[in-house]
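Going down the list, the sequences are from chains A and B.
Note that our numbering has the first sequence beginning at 1, numbered continuously upward.
Note that our numbering has the second sequence beginning at 1, numbered continuously upward.
Keep in mind the hints are simulated off the structure, nothing from the lab.
Careful, some of the hints might be misleading.
No farther apart than 35 Å at their CA atoms in a straight line, the calculated lysine-lysine pairs in the DSBU-like style are these [what the hints assert, rightly or not]: (1) B:Lys-150 with A:Lys-27; (2) A:Lys-27 with B:Lys-175; (3) B:Lys-174 with A:Lys-27.
What follows is a list of derived Cβ distance ranges for each label pair [as the list claims (entries may be wrong)]: (4) B:Val-108 with A:Ile-66: 20 to 26 Å; (5) A:Leu-96 with B:Gly-159: 30 to 36 Å; (6) B:Gly-92 with A:Leu-84: 27 to 33 Å; (7) B:Ser-173 with A:Leu-99: 33 to 39 Å; (8) A:Ala-83 with B:Pro-122: 23 to 29 Å; (9) A:Leu-99 with B:Ile-4: 48 to 54 Å; (10) B:Met-152 with A:Leu-87: 39 to 45 Å; (11) B:Tyr-7 with A:Leu-96: 22 to 28 Å; (12) A:Leu-96 with B:Leu-161: 43 to 49 Å.
Quick caveat: nothing in here was measured; it's all calculated off a predicted structure.
Each residue gets a CB set at the ideal place from its N, CA and C atoms; glycine is no exception.
Spelled out, the chains give:
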Amino acid sequence: MTVGLNAFILVAGLLFAIGMFGVILRKNTLVIYMSLELMLNGVILALVAFSRYNGTMDGNLFVFFIITVAAAEVALGLAIIVALFRLRQSVMVDQLTSLSR
Amino acid sequence: MTDILFYVFAAITLISGLLMVVSPNAVNGAICMIICFVTTAALFVLLEAYFLAVIQVLVYAGAVMVLFLFIIMLLDVNKDTSDLLKDKMTLGASITGFTLLVILTVSVFAGGQHLPETALLPVMENPSGEGVGIPFTTSAKSFGYSLFTKYMLPFQVTGFLLLAAMIGVIVVSKKHSENS
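Bound conformation, chain B alone (with noise of 0.2 Å):
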C-alpha cells in the first residue's frame, strides 16, 4: 500500500515540478511549486520524518510560497511572459543538459547496476542518547535532544544568522531617502 502511495507522491512530485518550469505564468508555477512542495512532505512521511514534513507545510508551503506570491503579485511581471521559446540557443542547451543529467542519474539509481539497496532499520520512539551516533526516532523530541546537545553551536549560529538577514532585508529594502 505504501508503495503505491510513494510512487504517486513521486510522480506529482516531479510532473509539478516540471510544470512549474515551464509554465509560462509565474503565479501558476508558484501554485505548482505548493503542490511540489506538499507531495514531498508526504515523501517525508513516508520516510517516517513527520516532525520534517510538518515543517515543510508550514514554513516552505507556506511563509515561503506566500511571500513568492506576493511578490509575483506585486511586482505584476505577468505583462511579458513570452520568454519561453525564443532563444532557440538556450532552448536546445537547457534541454540536452537536462537530458544529461536525468540518463545520469537514472542510469546511477535506477540502471541494471545501481547502487546496493539497503534495508529499513527499526525504528524507535523516543530518543536514548547513548553513543556517539543520535538514532532515528519519529518524535520531535529527538529534535530538540540533538539541537541542544550535539547541535548546540549550529543552533545558535543559525538564529544569529535569522537575525543578520532580518536587518540584511531592512537595509536593502530601505528607501534613501537623500535622493528625495
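Looking at chain A on its own, in the form it has when it is part of the complex (with noise of 0.2 Å):
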C-alpha cells in the first residue's frame, strides 16, 4: 500500500472536524452524543494509524482501552439522558436551561 501515514491523519482530522461541527451545530442531545462517538472515532483511526507507521503495538492497546471505556461512557451517558427526559420530558438542550435561571 502506497497510501502514507499523512492520509490517515488527514481522515483522522477530518473526522474529528465533523464530529465538532455537529457538537456545537446539534440541538438534539442523542445527536450531539453520536458526534462525541464521531470524534472518538477519528481519535482511534489516528492512533491505530500511528502504531502502524511507527512498528509498535502500544497504539492498537490503547485503543482497544479508549473502546472499552467509550462503551461504558455509551451506556451511562445514554442512562443519564433517559432521566433528563423522565424528569423533563424534552433532550433538547435549548429546552434544558433551569441551571441558567
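Put the two chains together into one complex, using the hints given.
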C-alpha cells in the first residue's frame, strides 16, 4: 500500500472536525452524543495509523482500552439522557436551561 | 489496488459522518453512523489491525449503535426535528468553525509542506516479547501478551471501571420509590 501516514491522519482529523461540527450545530442531545462518538472514532483511527507506521503495538492497545471505556461511557450517558427525559420530557439542549435561571 | 480501497473507504467514512451530522431524522443519523463505523473498521483492516477491526464492528457498530437506536426509538424525539437551520447564529458559527478546522487539517496533512512521510514497516506474524516496545504484529496473540505483561494495571483498572459504570447505570436509571 502506497498510501502514507498523512492520508490516514487527514481522514482522522476530518472525522474529528465533522464531529465537532455536529456538537456545535445540533440541539438534540442524542445526536450530540453520536457526534462525540464520531470524534472518538477519528482519534482511534489516528492512533491505529500511528501505531502501524511506528511499528509498535502500543497504539493498538490504547485503542482497545478506548473502545472499552467508550462502551461504558455510552451506557452511562444514555442512562443519564433517559433520566433527564423522564424529568423534563425533552432532550433538546435549548430547553434544558434550568441551571441558567 | 489497496490504494483505491483506501480512497473509497475514506470517502464513505467522511460522507456518512457528515450525513449523520446534518440528517434531521435521528434514526437516519444512527444508520449513517453505523456505516461510518463499519468503514472505519475497513480502514483498520487496511492498516492490518484485524483484531481491532473485529472489535470495532462488534462493539461500536453492534452494541453501542443498537443501544443508541433503542434509546432514540424509546424516547421518540423525532416529533420535533426542525432544530436545524433555525438558529442563524449557531449555523454560521458552527460552519465557520468547521471550515477553519478543515483548512487547518488539510494544510497540515495534505498541503505542499505536509509532514514527512514514513515508509510502512514490515509486519511480524507473532510477537517476540523482546525489548521494551512491543513490535507491531497482526495476530490477536500480541494483544493478550501485552495485556498481561505491560498493560496489566490498566487492564485491571478497566475491569473495575466497567463494574463502576454498570453500578452507575443501575443507580441512575432506578426509579425513586419514595416519590410513589
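Problem - Numbered hints the structure breaks, given as an ascending list - result: Hints 1, 7, 8, 11 and 12 not satisfied by this model.
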